[in-house]
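Engineer: With the hints as a guide, dock the two chains, each given alone in a separate frame, to form the complex.
Listed below, chain by chain, are the residues.
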Amino acid sequence: MSWNSALPLLVLASSLFPGGVIFFLSEERVVTRTVLNLAGATLKLLLVGVMIWGVFHGEPYESRLPLLPGLDLVLRADALSLLFVTLSAVLWLATTVYAIGYLEGSPNRSRFFGFFSLCVTATIGVALSGNLLTFLLFYELLTLTTYPLIVHRETEVARRAGRIYLTYTLAGGALLMVGTLWLYTLSGTLAFTAQGFLSTLASSEQSTLIMIFVLLMMGLGVKAALIPLHGWLPQAMVAPAPVSALLHAVAVVKAGAFGIIRVVYDVYGIQFAATLGVTLPLAVVAAVTIIYGSLRALFQDDLKRRLAFSTVSQVAYIILGVAIVGPIAAIGGLVHLVHQGVMKITLFFCAGNIAETLGIHKISDMNGVGQRLPWTMAAFTIAALGMIGLPPLAGFISKWYLGLGALEAGQGWVVIVLACSSLLNAAYFLPILYAAWFKPPPERWPAERSFGRQETAWPLLAPPLVTALLTVVIGLLASAPFSPLQWVHFITTSEYLP
Amino acid sequence: MSVLIFSIHWQVMVVLLPLAGAIACFLWPRRGVMLALVCALGTTLSVAGLSWLVVVEGAQRYTVGGWGAPLGIDLYVDGLSLLMLIVTSVVGVAISVYANGYFERSRARAFWPLWLFLWGALNALFLSADIFNLYITLELLGLAAVTLVALAKGAQPLSSAMRYLLVTLLGSLLFLLGVALLYHSSGSVDIAILAERLSASPVVWIALGLMVVGLLLKTALFPLHFWLPQAHASAPAPVSALLSALVVKASFYILIRLWLEIFPPNNFVLGQLLGLLGAAALLWGNLQALRQTRLKMLIAYSTVAQLGYLFLAFPLANIIGWTGALYMLLSHAIAKAAMFMAAGNILRFGGHDSIADLDRIVQRLPLTVTTFALAGVSIMGLPPSGGFVAKWLLLEAAIRSAQWWWGVVLVLGGLLSAVWIFKVVGYAFTPSPVPHEVRAVPASMEWSALALALTAIALGLFSSWPLALMMVGLPFGEGGGS
Numbered sequence: 001m002s003w004n005s006a007l008p009l010l011v012l013a014s015s016l017f018p019g020g021v022i023f024f025l026s027e028e029r030v031v032t033r034t035v036l037n038l039a040g041a042t043l044k045l046l047l048v049g050v051m052i053w054g055v056f057h058g059e060p061y062e063s064r065l066p067l068l069p070g071l072d073l074v075l076r077a078d079a080l081s082l083l084f085v086t087l088s089a090v091l092w093l094a095t096t097v098y099a100i101g102y103l104e105g106s107p108n109r110s111r112f113f114g115f116f117s118l119c120v121t122a123t124i125g126v127a128l129s130g131n132l133l134t135f136l137l138f139y140e141l142l143t144l145t146t147y148p149l150i151v152h153r154e155t156e157v158a159r160r161a162g163r164i165y166l167t168y169t170l171a172g173g174a175l176l177m178v179g180t181l182w183l184y185t186l187s188g189t190l191a192f193t194a195q196g197f198l199s200t201l202a203s204s205e206q207s208t209l210i211m212i213f214v215l216l217m218m219g220l221g222v223k224a225a226l227i228p229l230h231g232w233l234p235q236a237m238v239a240p241a242p243v244s245a246l247l248h249a250v251a252v253v254k255a256g257a258f259g260i261i262r263v264v265y266d267v268y269g270i271q272f273a274a275t276l277g278v279t280l281p282l283a284v285v286a287a288v289t290i291i292y293g294s295l296r297a298l299f300q301d302d303l304k305r306r307l308a309f310s311t312v313s314q315v316a317y318i319i320l321g322v323a324i325v326g327p328i329a330a331i332g333g334l335v336h337l338v339h340q341g342v343m344k345i346t347l348f349f350c351a352g353n354i355a356e357t358l359g360i361h362k363i364s365d366m367n368g369v370g371q372r373l374p375w376t377m378a379a380f381t382i383a384a385l386g387m388i389g390l391p392p393l394a395g396f397i398s399k400w401y402l403g404l405g406a407l408e409a410g411q412g413w414v415v416i417v418l419a420c421s422s423l424l425n426a427a428y429f430l431p432i433l434y435a436a437w438f439k440p441p442p443e444r445w446p447a448e449r450s451f452g453r454q455e456t457a458w459p460l461l462a463p464p465l466v467t468a469l470l471t472v473v474i475g476l477l478a479s480a481p482f483s484p485l486q487w488v489h490f491i492t493t494s495e496y497l498p
Numbered sequence: 499m500s501v502l503i504f505s506i507h508w509q510v511m512v513v514l515l516p517l518a519g520a521i522a523c524f525l526w527p528r529r530g531v532m533l534a535l536v537c538a539l540g541t542t543l544s545v546a547g548l549s550w551l552v553v554v555e556g557a558q559r560y561t562v563g564g565w566g567a568p569l570g571i572d573l574y575v576d577g578l579s580l581l582m583l584i585v586t587s588v589v590g591v592a593i594s595v596y597a598n599g600y601f602e603r604s605r606a607r608a609f610w611p612l613w614l615f616l617w618g619a620l621n622a623l624f625l626s627a628d629i630f631n632l633y634i635t636l637e638l639l640g641l642a643a644v645t646l647v648a649l650a651k652g653a654q655p656l657s658s659a660m661r662y663l664l665v666t667l668l669g670s671l672l673f674l675l676g677v678a679l680l681y682h683s684s685g686s687v688d689i690a691i692l693a694e695r696l697s698a699s700p701v702v703w704i705a706l707g708l709m710v711v712g713l714l715l716k717t718a719l720f721p722l723h724f725w726l727p728q729a730h731a732s733a734p735a736p737v738s739a740l741l742s743a744l745v746v747k748a749s750f751y752i753l754i755r756l757w758l759e760i761f762p763p764n765n766f767v768l769g770q771l772l773g774l775l776g777a778a779a780l781l782w783g784n785l786q787a788l789r790q791t792r793l794k795m796l797i798a799y800s801t802v803a804q805l806g807y808l809f810l811a812f813p814l815a816n817i818i819g820w821t822g823a824l825y826m827l828l829s830h831a832i833a834k835a836a837m838f839m840a841a842g843n844i845l846r847f848g849g850h851d852s853i854a855d856l857d858r859i860v861q862r863l864p865l866t867v868t869t870f871a872l873a874g875v876s877i878m879g880l881p882p883s884g885g886f887v888a889k890w891l892l893l894e895a896a897i898r899s900a901q902w903w904w905g906v907v908l909v910l911g912g913l914l915s916a917v918w919i920f921k922v923v924g925y926a927f928t929p930s931p932v933p934h935e936v937r938a939v940p941a942s943m944e945w946s947a948l949a950l951a952l953t954a955i956a957l958g959l960f961s962s963w964p965l966a967l968m969m970v971g972l973p974f975g976e977g978g979g980s
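Chains as they are written, first to last, in this note's numbering: chain B, 1 to 498; chain X, 499 to 980.
These aren't lab readings, by the way, just hints derived from the structure by calculation. Treat the hints loosely; a few may be bogus.
[What the hints assert, rightly or not] Reference excerpt, derived from the structure (chain X facing chain B, CB under 10 Å, subset only): (1) Leu674; (2) Ile818; (3) Pro882; (4) Leu891; (5) Ile897; (6) Gln901; (7) Trp902; (8) Trp903; (9) Gly905; (10) Leu913; (11) Val923; (12) Gly958; (13) Phe960; (14) Ser961.
[To be verified] Pair by pair, the computed Cβ-Cβ distance ranges are: (15) Leu10/B <-> Leu543/X: 28 to 38 Å; (16) Glu555/X <-> Leu9/B: 32 to 42 Å; (17) Leu45/B <-> Glu555/X: 48 to 58 Å; (18) Ala653/X <-> Ala39/B: 54 to 64 Å; (19) Arg862/X <-> Ala427/B: 43 to 53 Å.
Just so it is clear, the structure is predicted and the values come from calculations on it, not from any experiment. Think of the CB as a built atom: it goes at the ideal place given N, C-alpha and C, for glycine as much as any other residue.
If we strip away everything but chain X, and leave its shape as in the complex, we get (with noise of 0.2 Å):
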């Protein structure tokens, strides 16, 4: 058993799987829910075999084809990047399943092949060694990304999706900009030559400021998040849960990643800068969610509030910060993609997602509307969910570091996201007189998205595992926890 597992290269699995995965889908659109959901259980395996590996070995560096940097091509594997992988696979089967119920078949033809194909991307971009193909693996992700929320159908979703494509080639040309200027200045663009060889001049602040800035973009951190609840509003459900989880996710993971390896120390001003914009993004966000009056919209603002708060790591630079930011990346993931998936279900269910009128619906609807309450308890961040553990870290971090007003603006996004979830949960409790016609919801879709959400919940309970594994590899630098 522990020969095969450490004999097979599952680095290039959680790759090839999706992608030939898409490919098949592609040519037999007839098997592809199966083909799909196959994929889906052996690149979740493949990623478990490779945390077996890492877990027992330690970070990893693989070098495919034997050619090694600075010519071939490196996948390196710490704990930051199977936390990644792992939240991806775990939020995409949820999916998986979800789609199958939710896309009648001349779209599922499309969304199996496009999504199996950004799992392949995203999975690629978490496992890049250099910076050169953490651009290419972006630029393919925001593409499948792209093409999904086309998928929806109506004028509204394409020029959605029109805008979204101009946002994503933008962010990914300033990226590329940057890697250029880097690899002028220092002959490389591995990212554990850099972080050797890069030191601060001109030409690398401006390389890096291009970088930051079109992963912002991408990231959709206030104020450059103008395109994000258009785009993720009127995606099909599975679509929007896959990009409020996991699409904004990757271009932060980039960002975090230059910023723990290359960003050249003492970078005060910027990771003030940072949490400014984060703190604003958890503030607006909230406060436009409650202004909202379709659900889908309300929750796409929230997914503006909550990348807000992962961005307060930055200024407070410490490990327990960068956990806490890790932690709330995760529990956010799973709960935001619950929460979408409740909205389809709502959405399918009742024919509309006016906020107004879902006392007509979600009283139908039992297991969606607990979906969403429990999905709500952990993006509140009360206990126990992920989102709690995830807020205790930051706030821990905030009063280690003595910079209590990071600590204000957490609590404040706390409560304020409570006022829109308890808007919401509080129609489960208003008597309807009219009633309604409806379309029956598929089992699997209440219960993938049940799932999701008690997970959500059960990191709240059992945090000690993913804390531990994200130490890996010491991706946040030497340093105790206190």
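The following block holds chain B by itself, in its conformation from the complex (with noise of 0.2 Å):
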């Protein structure tokens, strides 16, 4: 085996052998568990860049083994793989770092840090599928590592939740099995190819494939929480905060937008997507999608809920840009993959911070937080502006391309959605900010723990700073080299240059 061939594997290892040892510690070895995850989350993050340099450069890394008569599990390094790729390592070596700090001392951890290695295996697998068989594949086995995770607290809540949770997802999973296979027996590959497969079968199969098409929305759908399939997204929020932090920014909600940039592009092609006349019935469900998200979580008083229906609301950002068909909103789709991420990662970290050193929960309940964790709340403050679109951070670049893509493409309906998005945006986070910062706090916190001359446990809050960081710096050196605009565009000149 060359190691082109083993890249891909070892990138999975990395996170799955961790894993699988980590389910056999007893509790108490907190130092070897550390250790391990993370020795793996860091050789993760070097073998991705070896990657990213080799594929700028043309270098192919596929791993092959055979699943089923004629069909491969096919694991391969393209670019749009990378962009995710990067993504799930980069905030996989932050979530874990803050998950350490915040589950410390509580019970059960072997068993959080296993299955927790093994969601972000399977999300890393969903990020280098090469066909569509193997995307269902790992997409399945994303739900099973996850339904532990939702139900780490053990209470009836919790457990609720998972119930809900793997309710929506199985029937998904099993709707997109459905469809796979069906468009397996039209076309008798499922191997995901630049521009698509499809646009070569008989215009006879088209209604059918339009049919395939909805069936596979329908199972991405309901990772990636369009409406009416989101149910679930709300209620998974009883989770530990760093799930709900990984859950939102990369693993569940993104394998299902990955998965329609996928389809898309890879399977059914842009073009043959738009002569279908798929992708306007698509845009107009993210675009509901959209103002709906916003506007239900402009009435949420508990943070975590606003922040998850704000998630419901900015994922959707990436369909639009998907299904809006033309090269400058992919541009703004894709590139809001990586940015929605980072901020909604720093979002969540920050609201587990502040519930569990002041135990706090509700928004009502924020005011004056910001005197008491001013660094926490400053890494707030930034990340919920850049979701807003303030200039000149991550989430500003999105919706720039996104507008002048949906111009471009004589779309004008989609601006107007995303400035009501924004005004909506702007409408759920800056009464935050102002409570936060500018009202008096009470006379003392609903339950208060004390971190010495810090606010507060430094694994805590080391994350969401350097998270909002890089909010920063990928909207202010968006066109420097290797920053993620910048991939965005290699990726879609191969979509859209043929």
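Structural biologist: Shown next, in the form of structure tokens:
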């Protein structure tokens, strides 16, 4: 086995192996567990770095294993998959550090970190999938590995959230499987190909292909939380903060969004999808989701629930960018995959800090939090402003390209949606910032924990600060080489230029 | 080495070894465990030798004692029978290891000879080339199975065993009637000769009808499943495992063999009917499983459901469908055995298997609950697992033959089973305030179950080898995959 075919497997193994070992560690072996976690995360980051360099210079990375008659399990690194892999690898490291601090002293940590690593393995698998079958396999694995994380608290509410999550995702997975298989019986292949592999099929199959598209979108839309399939996401909020962070920024919702990108670009092909007439309905669903999610977020008092509905809205940007059918909008959508992840994970880290340090869960109790937790709130502020789309932060870049792309594609209505959504974003984020910074703090906090001279524990504070810094950097240096934006330019050329 | 492999009559070995072992265990009960384990290992090695032979030289026909059909006994092995032999060996070895920890001395004396006898009967059944020998082996198998059920203590298992005995005798009797009618009308019991001589006449149809009903009764296809849940649930755990994994599959094997070889073609209506009953079993079994309050009853009803999958191949009637059903048989046998063994561990550990009180147990048996969950993944048909491959193939057959309604049934069945699997697994995430008096579970019992569950998962990653093996000797007829 050559280095090029081993590398994708190694990237998977760098979280699979530590995860497997951690299950067998006893609770007290904190050091071993931490070392394994961090070593795995760091090694993965290094390997991904090597792959980025290689793919940029045209190196092929591919591993294969025969899975079904005529179908292989294919792991392949292309430009698009690396976008997602890099996001996952970077944010996994941050979340691992955070989780170590967050779960200190709580029970069942070996189980938690074991499944945590498996969850990241599944996400990386989703990202590296070279065909739809491999994607399906890791997509379902992701469902199975996140369930124990959602119910980790072992409360009745958590188990209920877990049940709802499974109901949605298993049903979605079944639809995805049917769609995938149906597609296979028509095309005889499932390998992701730039500009799709279906446009050569007979035109008599068009109505079937539309039906399959609907099936696939329903299957993927569950995880991407497109309405009306988003119901599980706000429920899943009961999970511990690092899990919410990972779910909303990297693992589950992004797997759904990434799948939609793959299906539209590399299965159907964007031009063929447009001729089938399926992109406009998809864009409308995404637009409705954007507005609906923001509206619901406005009326939530629970901080994590508000952030959850904000995710519903923000992830739909990615899908909107894909469905507009134009290179510039595509750049906006794809780059939002990264930008939303970095910003949203910051927000969830901060929400976790506020809950852990002060015992505050509701926005109405957040008066004056900025004075007690200045650094945390600073990170929160940056990420929230980024979400609203303030230049020069990351969110601005996404929205700018989306708007520009919509105009270029002659779809002016999208700009109105974007404007409304930005207004709504401001309406649900600014009151939080105002209350936290400018209102007087209460006499005493609901459940305060003291950390000496620091505002909170280091492992809890460092990750949001780093990701907040990233929000600024990837916005400011958007045109630097190897920035997410430049990498997305690199991806879209293969889809739009023959 | 290769000379050795080709000079031994592996077909005879795989039948004689377990039978000889059974007699030895009966004669020297003190050495029962050691004899049985050696015998299990030897049988497995013989199956491996036979596999080698078949893979290299193709399907084999062996004439015992040189008499030959129609007078003597013929043994025939092709991909289909070989696959059954291999499943039996894999599950058999795990069950032997498990049973070693499970049974105390007094019951072990009875268990080992009976189990090896059953194993020998199974292997002989899979190798039989004529329908009369199929009847004999089926009868022996049934008797051994009934006696094993009666090994459990108490009155309730005894009454389940009695009911099981009546059912199995009735099933064999119907089968025997069919055999007699076929022999009368064609003058032979050899399957290959029957395939040439039989033509669609009323007598043949009556004979085949009797045989089918008998076999369905033994396979416990809905609505003839009434005897199965009680019998499988009240038996000792290793026996439950081998009943659900192997014994019900034997009569299904006969059915599929007869259907492919001697049934007149164009039996569209009968195929649709079997498919319909399979679909009903799938839905009914899973719904009943959800209503159960005891874990072993739940798993037994899930067997009723999973057997339904196998019958979906009859209306689909193409190679992909048959391979899908066989792959389902293979992965269900392994996963279900693992699940029953896990349930046995839970029962041993906490002294009960009431589902509502599982929270006190499963949190403290992580290996066992992992076993249950992994086996559950295969039974739900989620990737990567043997169950997924099987479901994929069956679904593909349904779509390719434009009978999408069977696909709907397949998907629904998988989702329904997910409900009860997660109901049980959910207890691993339920803290229990009540401490519990426990009995230690031997490591061999936990690890043998886990090994089987991992095998069921591995079947999802390495499916090309079993799928290729099935095709040796073209048991499903000629024709391409697509």
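Engineer: For each hint, tell me whether it holds in the structure or not.
Structural biologist: Going through the hints against the structure:
{"no.": "1", "hint": "Leu674", "verdict": "violated (39 Å)"}
{"no.": "2", "hint": "Ile818", "verdict": "holds (8 Å)"}
{"no.": "3", "hint": "Pro882", "verdict": "holds (6 Å)"}
{"no.": "4", "hint": "Leu891", "verdict": "holds (8 Å)"}
{"no.": "5", "hint": "Ile897", "verdict": "holds (5 Å)"}
{"no.": "6", "hint": "Gln901", "verdict": "violated (13 Å)"}
{"no.": "7", "hint": "Trp902", "verdict": "holds (9 Å)"}
{"no.": "8", "hint": "Trp903", "verdict": "violated (13 Å)"}
{"no.": "9", "hint": "Gly905", "verdict": "holds (7 Å)"}
{"no.": "10", "hint": "Leu913", "verdict": "holds (6 Å)"}
{"no.": "11", "hint": "Val923", "verdict": "holds (8 Å)"}
{"no.": "12", "hint": "Gly958", "verdict": "holds (8 Å)"}
{"no.": "13", "hint": "Phe960", "verdict": "holds (8 Å)"}
{"no.": "14", "hint": "Ser961", "verdict": "holds (6 Å)"}
{"no.": "15", "hint": "Leu10/B <-> Leu543/X: 28 to 38 Å", "verdict": "holds (37 Å)"}
{"no.": "16", "hint": "Glu555/X <-> Leu9/B: 32 to 42 Å", "verdict": "holds (36 Å)"}
{"no.": "17", "hint": "Leu45/B <-> Glu555/X: 48 to 58 Å", "verdict": "holds (53 Å)"}
{"no.": "18", "hint": "Ala653/X <-> Ala39/B: 54 to 64 Å", "verdict": "holds (59 Å)"}
{"no.": "19", "hint": "Arg862/X <-> Ala427/B: 43 to 53 Å", "verdict": "holds (50 Å)"}
The structure fails hints 1, 6 and 8 (numbered hints given earlier, in ascending order).
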